[in-house]
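Student: With the numbering used here, letter number 271 in the sequence shown gets 272, and the count goes up by one each step, no holes.
To be clear, the hints were calculated from the coordinates, so they are not data collected in a lab. Glycine included, C-beta positions come from ideal geometry on N, C-alpha and C. Treat the hints loosely; a few may be bogus.
Said to hold, decoys possible - The calculated DSS-like cross-link candidates involving lysine-lysine, where the alpha carbons are at most 30 angstroms apart (straight line), are:
{"#": "1", "residue 1": "K287", "residue 2": "K360"}
{"#": "2", "residue 1": "K59", "residue 2": "K105"}
{"#": "3", "residue 1": "K329", "residue 2": "K380"}
{"#": "4", "residue 1": "K59", "residue 2": "K41"}
{"#": "5", "residue 1": "K360", "residue 2": "K380"}
{"#": "6", "residue 1": "K49", "residue 2": "K59"}
{"#": "7", "residue 1": "K329", "residue 2": "K255"}
{"#": "8", "residue 1": "K330", "residue 2": "K379"}
{"#": "9", "residue 1": "K387", "residue 2": "K295"}
Stated by the list, open to error - Okay, the calculated beta carbon distance ranges per label pair:
{"#": "10", "residue 1": "T385", "residue 2": "M199", "range": "16 to 22 angstroms"}
{"#": "11", "residue 1": "I97", "residue 2": "K255", "range": "33 to 39 angstroms"}
{"#": "12", "residue 1": "R282", "residue 2": "N9", "range": "28 to 34 angstroms"}
{"#": "13", "residue 1": "R282", "residue 2": "W25", "range": "37 to 43 angstroms"}
{"#": "14", "residue 1": "G333", "residue 2": "T298", "range": "49 to 55 angstroms"}
{"#": "15", "residue 1": "N392", "residue 2": "E315", "range": "18 to 24 angstroms"}
{"#": "16", "residue 1": "L231", "residue 2": "L92", "range": "27 to 33 angstroms"}
{"#": "17", "residue 1": "S24", "residue 2": "T298", "range": "51 to 57 angstroms"}
{"#": "18", "residue 1": "A268", "residue 2": "P90", "range": "20 to 26 angstroms"}
{"#": "19", "residue 1": "G139", "residue 2": "N10", "range": "24 to 30 angstroms"}
{"#": "20", "residue 1": "T298", "residue 2": "P90", "range": "43 to 49 angstroms"}
{"#": "21", "residue 1": "S184", "residue 2": "P90", "range": "24 to 30 angstroms"}
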Amino acid sequence: MQDLLKNNNIPVHLVTPPCRDYSWLDFGLRSTILEDHDYKFIQDYLDKAEPNIIYHLKDALHCTYTILRVPDSQELMICGPVIFTEISPSLFQDVIEKIKIPEKQQPVLQGFYLSLTNFHSLPTYNNIFLTLGNYIFGENQYDIIFNDFNDMDSWYETYVHYSNVENSQMTIQMIEERYEIESRILDAVASGNETKAMNIICKAASPNLPYRLNNNLRNLKDYAIAFNTLLRKTVEQAGVHPIHIDAHSNQNVKLIERASSPEQCRAVQLQIVRNYCRMVREHTLKDYSLLTQKIMTYISTDLTADLSLNAMAELLNVNASYLSTLFKKELGIPLTDYVNRQRIEQAKKLLVITDFPIKMIAEKCGIPDIYYFSRMFKKRTGSTPKVYRENAAREHKL
């Protein structure tokens, strides 16, 4: 049952009260900002928690915690905090005015919010605990209570003492965690491991973005553009030639700027990471000699050029026999076979994503003889270009 919560990025703790320390509850927020804070408010609430009840509790910071007693045990399961709304600059300002946090402590609260899982759908969160409740207590054998503990929370004491800590360890830790997550994503991209990169992103909380601007969407776009720059340098270091990176990177910036909502911006960023992973898998050249790298880059740059062995040898000012031997040694196939494979792979893409006539596709792939193109295509794919396009269209409709 803990896996269900962890897979949805919901923090979960199994505790047996009373606990000596509850600072883990809010990642140390209150103990960092408030002097001599003892979390008595949560202990008071836990003492009152009854069996077969799931408590959804909301605090003054718009955070939700979920608490339930484990059957036949003294343990309590405490889940959260999570939030259900974007903490926009205006909402953030409302919070700090409401609980009167000094300006020097506001970055700590800011960092806290940015570390939380944001459930954009309250029903999704509730359904998780309905599933959990049915599993733990049995269907229709428990109650659900929605409540606040604002009245018990230290933010609402008559006189609030704020800590004078200038550089919070919590803030430092959150910054370190953000950079560590980014580093893991970049490592996955460098190896072309799309699955690993997606898992890291999905399990991580939203990137810790500072509220420097007034528009949350603008913040997300600026972060996405900055991260795109990190990604392009990563794939270049992974051995992808800049000619493949440049146009792709510029297109990414355009896609980011077109995003009309935070959700759309996040979706674009996920797709950007996927595309860079695929670029590494398709175009990385780091394992090849410099001469072979030049050949492969030139071929992928212009499939309509004269890519014969003699033409390539003349272009690179090397002996044709030496070039042929080197290329086959490093790639395992002759240069001519490699060129034909690249041309057919490009043709397959154009047959699927365009409605160009087959003759035009053949020409764009460097094979102007339509009959020769069709024979070569069928030999390598098992079907004619026309049948391949029809099958691809049929699969797309499914």
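Student: So, for every hint listed, does it hold in this structure?
Tutor: Structure-based check of all given hints:
no., hint, result
1, K287 <-> K360, "violated (35 angstroms)"
2, K59 <-> K105, "holds (25 angstroms)"
3, K329 <-> K380, "holds (21 angstroms)"
4, K59 <-> K41, "holds (16 angstroms)"
5, K360 <-> K380, "holds (17 angstroms)"
6, K49 <-> K59, "holds (16 angstroms)"
7, K329 <-> K255, "violated (40 angstroms)"
8, K330 <-> K379, "holds (27 angstroms)"
9, K387 <-> K295, "violated (34 angstroms)"
10, T385 <-> M199: 16 to 22 angstroms, "violated (36 angstroms)"
11, I97 <-> K255: 33 to 39 angstroms, "holds (36 angstroms)"
12, R282 <-> N9: 28 to 34 angstroms, "holds (30 angstroms)"
13, R282 <-> W25: 37 to 43 angstroms, "holds (40 angstroms)"
14, G333 <-> T298: 49 to 55 angstroms, "violated (19 angstroms)"
15, N392 <-> E315: 18 to 24 angstroms, "violated (40 angstroms)"
16, L231 <-> L92: 27 to 33 angstroms, "holds (29 angstroms)"
17, S24 <-> T298: 51 to 57 angstroms, "holds (55 angstroms)"
18, A268 <-> P90: 20 to 26 angstroms, "holds (22 angstroms)"
19, G139 <-> N10: 24 to 30 angstroms, "holds (27 angstroms)"
20, T298 <-> P90: 43 to 49 angstroms, "holds (46 angstroms)"
21, S184 <-> P90: 24 to 30 angstroms, "holds (28 angstroms)"
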